[in-house]
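Protein chains in written order, with numbering that gives the first Met the number 0: chain C, 0 to 336; chain S, 0 to 512.
It should be emphasised that the hints constitute simulated quantities derived from the structure, not laboratory data. Where is the CB? At the ideal position from N, CA and C, for every residue including glycine.
Quick list of simulated restraints, FRET-style, between CB atoms: (1) K382(S) with F152(C): 55 to 65 Å; (2) R372(S) with N52(C): 40 to 50 Å; (3) A378(S) with Y174(C): 36 to 46 Å; (4) A396(S) with I37(C): 33 to 43 Å; (5) R371(S) with L276(C): 27 to 37 Å; (6) P256(S) with L276(C): 41 to 51 Å; (7) L33(C) with K382(S): 27 to 37 Å; (8) L17(C) with Y190(S): 53 to 63 Å; (9) E109(C) with G271(S): 50 to 60 Å.
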Amino acid sequence: MTDAPQPATQARHVPDRLNSSAARLFKSWEALLLAVAISIFMINSFASPYFLNAWNLSDATFNFTEKAMIAFAMALLIISGEIDLSVASIIALASTAMGLALQYGAGTPELVMVGLTVGLLCGAFNGFFVTVLGLPSIVVTIGTMSLFRGISFIILGDDAFRGYPSSFSWFGQGYIYWVFTVEMLLFVIIAIIYGVLLHKTNFGRAVYAIGNNPTAALFSGIRVQRVKFILFLLTGLMSGVAAVCLTSRLGSTRPSIAMGMELEVVTMVVLGGVNILGGSGTIPGVVIAAFVMGLVTFGLGLLNVPGIVMSIFIGLLLIGVIALPRLWAMVAARRKA
Amino acid sequence: MTHPAPHAPDVTPIVSMDMITKTFPGVKALDDVKLDLYPGQVTALVGENGAGKSTTVKILTGIYKTDGGTIRIDGQPVSFAAPNDAAKAGITAIHQETVLFDELSVAENIYIGHAPKTRFGLIDTSEMHRAASALLAEIGAPFNSHTQLRELGIANKHLVAIARALSVDARVVIMDEPTAALSHKEIEELYDLVDTLKSQGKAILFISHKFDEIFRIADRYTVFRDGAFVGDGRIADIAEDDLVTMMVGRSVDQIFPARAHDVGEEVLKVVGYEHPTEFSEINFSLNRGEILGFYGLVGAGRSEFMQALFGITKPSKGVCRINGDITVIRSPADAVSNGIVYVPEDRGKQGAVIGLPIFQNITLPSLGRTSRRGFLQMAEEFKLAREYSQRLDLRAAALDQDVGNLSGGNQQKVVIAKWLATQPQVIILDEPTKGIDIGSKAAVHEFMAELAAQGLSVIMVSSEIPEVIGMSDRVIVMREGRIAAELNGADLSPEILVRHAAGITSSSEGNAA
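Model the full assembly from the supplied sequences, consistent with the hints where possible.
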């Protein structure tokens with residue numbers, strides 16, 4: 000009734016798009032990252048004769064596949080303006096739960112179920128405090144970071160759970176075809192799922208709206224708290240998936256499993272162009288960032304660079320990639336003036 | 000129209016503003032206004048919302064620069080480059096939102112930024128507390144300088160703000176709606192304090208909407224209307240009714256679209272809406288094709304009620320019927336699905352999602368229709384966005400432009416387009432023309448009339464009397480969280496609206512309106 004067509008007054012034409020999509024793509028963060036990834040790949044292949052070996056490259060993917068699975072869900076969470084720092088501790092708790100289930104004779108399907116369920120429950124726990132009680136997610140998840148891993152420590156102490164069934168090792172050690180691992184397949188599937196979820200669905204649009212302006216999103220009829228709760232569930236679930244893969248790959252559970260991984264996940268997300276304050280970022284960006292981080296660690300590993308130096312490189316890379324465009328803009332502005 | 004100032008006192012004013020002009024993009028906020036503040040006297044600045052009172056305060060305190068005119072202090076022309084200059088000249092303001100620090104003591108709050116120093120350059124704590132105690136004694140504060148600010152109630156915090164104002168040796172004290180949040184007893188105490196300040200020879204600028212208090216406390220008045228000076232003089236020489244007339248004026252120089260006032264059946268009925276603090280006993284009904292105005296002073300609870308109706312806050316009591324059916328609205332999503340939409344006053348924060356492109360803003364609440372099984376359909380989104388941006392005559396470079404790059408008026412159009420695209424039954428417009436230029440205002444009014452003609456029911460919250468009278472079929476006046484009056488037809492006059500909104504209790508005998 001209110002939608003009756005309007006008599007065609009001075010129908011002003013506003014074009015749909017200002018720039019062609021090709022022009023945008025060229026200027027995007029993802030293009031810059033891709034250039035970085037390609038240069039690192041080239042540098043690596045010159046620096047070490049072992050780099051361009053299919054099996055070595057395949058092994059190298061383990062550097063990022065598990066982290067990236069979490070990073071995709073984390074990207075959505077950070078775009079919405081929240082964060083989950085407890086993901087590595089969720090892995091520890093989920094892995095410990097799987098180890099316990101193993102003691103009670105659980106088989107591979109049960110183990111996977113346990114891992115995923117614990118991940119979901121941990122996500123729900125975080126989500127409850129943030130969305131129902133309205134506490135800041137950074138505080139809640141710093142708390143649960145200690146809490147979840149603390150429970151693992153209480154259960155395991157200095158012990159470790161071992162003796163996972165050989166069928167369980169398929170997730171972290173199996174190959175689909177030639178050099179392509181099960182984890183790679185999972186990585187691709189999960190990347191596609193999250194890419195579609197964020198960029199092609201109403202849910203993804205709501206995530207962006209919330210991240211840009213939660214109040215206006217609420218005033219636009221979006222169920223802000225529900226969306227955020229789902230994002231915490233998804234992040235917990237992906238931590239559960241990562242727990243299954245990592246436990247399967249290592250073949251054992253110690254309470255120190257995946258220690259410090261949350262920062263690498265957040266680094267990957269931010270490197271991928273996601274605004275740490277929320278509102279913007281893409282899944283393709285995170286995919287490329289995963290490759291960049293994987294290539295850097297692998298290349299340095301081939302050159303026998305110790306782990307601690309590697310983390311220096313990752314840190315420099317992160318700051319460098321973020322600072323570059325800003326520096327570039329400052330130089331350009333000065334030249335104009 | 001202009002009343003000359005009779006019996007201007009022989010004393011020279013401390014502050015004298017003359018021919019002051021201030022322009023904002025698209026709006027002339029002040030146009031050749033004058034204002035004099037005399038020592039030992041309280042001058043009440045009277046005017047409707049948008050009359051230019053706040054702008055005047057901001058000019059006096061050095062926050063805004065004037066575009067023209069002179070400010071004299073003790074007869075000497077001055078110009079304030081920064082707020083600090085005004086403070087040095089002895090002008091200080093006490094706002095409702097004077098910034099205070101909850102975690103600091105009263106003395107620290109009073110002397111923050113200008114604390115007495117020891118010879119080593121450190122804060123001289125004992126001297127600070129001594130001076131603060133002296134100030135507190137002077138204004139009769141019932142707490143000491145060591146008290147933590149967070150332990151104080153709103154009225155006592157006010158006293159701290161006043162003490163802070165006095166700590167800089169102010170000669171001119173501006174009080175902007177100082178009694179808005181105070182109880183009856185606290186107001187009396189504030190009056191005593193104002194008397195103390197007067198006896199010390201300070202000039203006081205008192206801004207208030209409450210006529211009883213203006214007549215109680217002020218010695219002089221100055222009236223502004225729509226950014227222009229209307230008149231000034233001694234309170235003793237003017238009657239309340241004349242002041243109201245001066246304030247609202249009679250000329251309605253805006254042209255409002257002509258409308259057929261035929262309304263359809265009842266669409267929305269609100270019964271007994273109540274909120275613990277913001278409003279109570281709200282009952283009204285709204286018909287198809289009707290424009291219902293909500294008038295009241297700032298803080299009368301209009302926006303708060305509208306947000307409860309829209310599901311942002313929860314009313315503690317009350318029933319809402321839509322087309323006769325009892326409808327429970329727990330969230331904006333519920334409201335939207337029941338055909339109630341809300342265009343908020345605060346466009347930047349609550350209206351447009353800055354950072355998202357225009358078309359995504361427009362389709363945000365309509366994604367259910369433009370998508371297929373939860374998957375976005377860009378072509379459908381652009382189609383909907385095109386349709387409504389044309390309908391509202393949106394001016395933008397492209398639909399994928401960030402909505403944050405648009406002007407205020409065009410952002411407002413995007414927000415309205417967003418809601419019309421949901422095909423609502425009831426649209427609530429909260430101060431729809433606030434801060435937009437005259438041209439856009441007329442367009443919004445035109446459009447509102449058109450919507451009503453098409454059968455949409457419009458609730459318009461507005462503080463602009465000409466707009467309320469010019470656009471509404473019926474007007475509800477709210478005061479202090481309650482409905483003070485429901486008016487239509489012949490009762491719709493500026494004087495009557497102001498009377499109900501301000502709670503002027505004196506009967507209207509002698510009032511020709």
